[in-house]
Amino acid sequence: MRYVLTSILALCLTVCFAQNKQVLYGLDEVPQGLLLNPGAKVPQKMHFGIPFLSQLHINGGATGVSVYDIFGKSDVDINTRIRNKIFELSNKDYFTATQQLEIINFGWRSKKEIYFSGGIYQEFDFITYFPRDLAILAWDGNRDYLDYPFDLGEVSATADLLTVYHFGANKQITKKITAGIRVKLYSSMMSIRSTDNAGTFTTTLGDANSENIYEHTVADADVKVHTSGIASLDGMESSEIPGEIIGRAFFGGNIGFGADLGVTYDINDNFTASASILDLGVVFHSKDVETYHATGSYTLDGIELIFPPLSAGQSTLPYYDNLEDEIEEEIPIDTITSGYSQLRPVKFNAALKYSFGKTMGKSGECDCMNMGGTVERDQALGVQFYSIFRPKGPQMAGTLFYYRRLWEFLSAKATYTMDPYSFSNVGLGVVTDIGKFNFYVAADNLLRYGNIAKAKSVSLQLGFNIKIDEE
Amino acid sequence: MPLSMKKNFLKPLAIVFLGLLVVACVKDTDFDQADDIVLTPVVELDLIYFNIDASEFYDEVSGTPILTLSDTTEIRFLDDTEIQESLKRADFYFRFTNSIPRDFLVDFQFLSEQQDTTYATQTTVIQGTVASPVVTEFEEIVEGDDILALTMADRVVVSVTIPDADPSLEGTLNLKSKTTYYLEVRDRQ
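Protein chains in written order, with my numbering: chain A, 1 to 471; chain B, 472 to 660.
Just so you know, these hints were derived from the structure itself, not from any lab. Mixed in with the good hints there might be a few duds.
Said to hold, decoys possible - In silico DSBU-like links for lysine-lysine, alpha-carbon gap of 30 Å or less:
id	chain 1	residue 1	chain 2	residue 2
1	A	Lys392	A	Lys224
2	A	Lys392	A	Lys287
3	A	Lys358	A	Lys45
4	A	Lys85	B	Lys559
5	A	Lys392	A	Lys436
6	A	Lys436	B	Lys559
To be verified - Taking beta-carbon pairs under 7 Å as the criterion, some of the chain A residues facing chain B (in silico):
id	residue
7	Lys73
8	Asp75
9	Phe106
10	Gly141
11	Asn142
12	Arg143
13	Glu211
14	Asn212
15	Ile213
16	Tyr214
17	Asp301
18	Ile303
19	Glu304
20	Ala453
Virtual Cβ for every residue (Gly too), placed ideally from N, Cα, C.
Work the whole structure out from these sequences, hints included.
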């Protein structure tokens with residue numbers, strides 16, 4: 001059990017590219033592919049996911065550091081290793097985790113050849129950039145960093161727990177183009193974010209004219225933390241909280257709207273291009289909102305004693321309270337309860353696929369029903385591009401893939417993904433269609449499964465569906 | 472869905488999960504090392520400062536010298552549980568600049584919330600003149616058991632004693648001070 005727990009812990013800790021489902025993208029045999037590109041080609045006539053089992057997605061990771069770097073067996077003291085990592089990492093490194101659980105997923109082809117699909121899924125998404133300066137301050141203190149301005153603006157983190165209700169339509173518009181759109185309704189259960197912060201903290205040695213030995217200065221602080229759905233939990237019994245949060249999953253919380261757009265274009269017999277934009281949306285936080293905003297500048301010199309003439313029994317001056325009041329006045333922390341809106345992290349996918357090998361199924365070399373379109377073949381090679389907008393700008397990844405339909409009932413896709421932090425991410429996905437049952441599993445960073453502790457990121461998706469193919 | 476079908480599904484699901492957990496192993500790691508993680512920041516922080524004019528040692532109204540001036544300030548963080556658990560050593564540094572032609576005795580008395588003295592120290596400040604002030608430095612390193620006593624306190628009483636004073640006395644006694652806190656922060660459970 002301990003072993004399993006450790007494995008899960010390691011997964012969570014390592015679990016780097018949140019939300020990049022590079023293995024599933026373009027794998028048309030999986031109905032959930034429509035969530036990655038609403039304009040994907042849909043082979044089936046109808047599908048429905050097994051409730052709660054149709055898609056489980058876990059993804060997490062960190063740039064620049066793995067579990068092994070910290071917890072690996074070594075003669076070097078763990079504290080030395082942590083300290084070395086703190087200095088090695090930059091404030092652009094980040095830690096992230098994403099989890100999605102599909103509750104319902106279904107789809108059907110209408111008489112007008114439009115494939116409608118919809119469903120509900122729950123998502124947790126977390127990212128924090130590494131606040132390097134604050135880590136140094138916490139680890140080493142300020143003694144060896146006189147005159148060094150510690151950057152408070154490095155704090156940048158977001159965490160969201162929400163339910164997504166979605167409905168989409170997909171249609172082959174011309175022989176070459178399939179396009180789709182999906183509208184999304186977000187029901188936010190909890191959200192916390194602190195981005196675009198600023199300010200510095202510096203300790204300088206005073207000169208002859210200074211009040212005291214040092215000057216501790218917070219300059220131009222502007223630090224904001226938005227919370228939504230958190231403040232009301234404060235006074236609650238811990239047993240009430242799960243019920244309250246689940247209630248918010250069903251429109252009890254804050255609401256948002258968004259859309260996914262996608263298109264697939266058959267260039268010729270062999271080449272297919274596709275692209276999608278996901279979560280082009282916004283969540284309006286208006287209920288249960290608390291924003292804490294600290295702004296200002298202050299220089300601390302310590303406490304000045306003025307030796308007032310006091311008669312016996314008179315109490316002394318409240319220097320410490322006065323100091324606290326003074327700081328609160330100079331750097332006030334305002335609590336704002338007015339609403340705010342939050343953009344969803346927009347994701348962009350694009351792919352170019354070259355199909356070759358034997359032709360498959362009904363689409364023979366001469367398919368009168370499919371003139372001009374790409375002929376379905378049993379093998380494909382291609383490239384994919386992925387990017388997601390994060391607080392400090394887009395994160396990007398490139399993927400090379402090889403697809404092979406091994407038998408009528410089994411397809412596999414292998415990927416090799418590169419991002420600025422890892423050049424050895426190999427992934428594999430397998431889809432089986434046995435009768436009407438569809439099962440898929442996709443995972444990346446397989447080279448690291450031998451010792452997941454060394455992986456900087458792990459991504460896993462799996463699920464079951466029932467698919468009814470065209471007669 | 473019929474029960475048999477459900478079974479058919481649970482099995483492969485379980486196999487996949489177990490398979491992943493078995494294939495995905497974590498090697499050569501020791502998570503017990505988490506217990507050894509300890510943060511050791513060394514924090515430099517200003518303490519108190521003052522400027523006492525020589526005239527404050529003489530009461531013009533009653534025509535008598537005031538030989539001891541005393542003042543108290545809270546240092547509220549000093550007896551926080553976190554500080555009590557983490558503080559290993561505190562180096563106090565006091566720098567007096569004296570332009571009053573008298574030696575001073577300066578007492579620092581740390582009191583708990585209940586007004587009990589938990590730690591005390593004193594120093595002598597050498598006399599100077601208005602033309603050439605004299606600097607006296609005083610360092611007090613507190614560690615070991617004394618740290619326990621020090622962190623019971625949440626305020627400090629500073630008493631400045633002059634041997635004698637008269638209305639003609641001139642000059643200022645200035646103090647600047649700071650503390651270096653050596654912390655060891657670990658997860659205590």
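Here is what the structure says about each hint:
| no. | hint | verdict |
| --- | --- | --- |
| 1 | A:Lys392 / A:Lys224 | holds, 16 Å |
| 2 | A:Lys392 / A:Lys287 | holds, 27 Å |
| 3 | A:Lys358 / A:Lys45 | holds, 24 Å |
| 4 | A:Lys85 / B:Lys559 | holds, 25 Å |
| 5 | A:Lys392 / A:Lys436 | violated, 44 Å |
| 6 | A:Lys436 / B:Lys559 | violated, 68 Å |
| 7 | Lys73 | holds, 5 Å |
| 8 | Asp75 | violated, 12 Å |
| 9 | Phe106 | violated, 15 Å |
| 10 | Gly141 | holds, 3 Å |
| 11 | Asn142 | holds, 6 Å |
| 12 | Arg143 | holds, 4 Å |
| 13 | Glu211 | holds, 6 Å |
| 14 | Asn212 | holds, 4 Å |
| 15 | Ile213 | holds, 4 Å |
| 16 | Tyr214 | holds, 5 Å |
| 17 | Asp301 | holds, 6 Å |
| 18 | Ile303 | holds, 5 Å |
| 19 | Glu304 | holds, 5 Å |
| 20 | Ala453 | holds, 5 Å |
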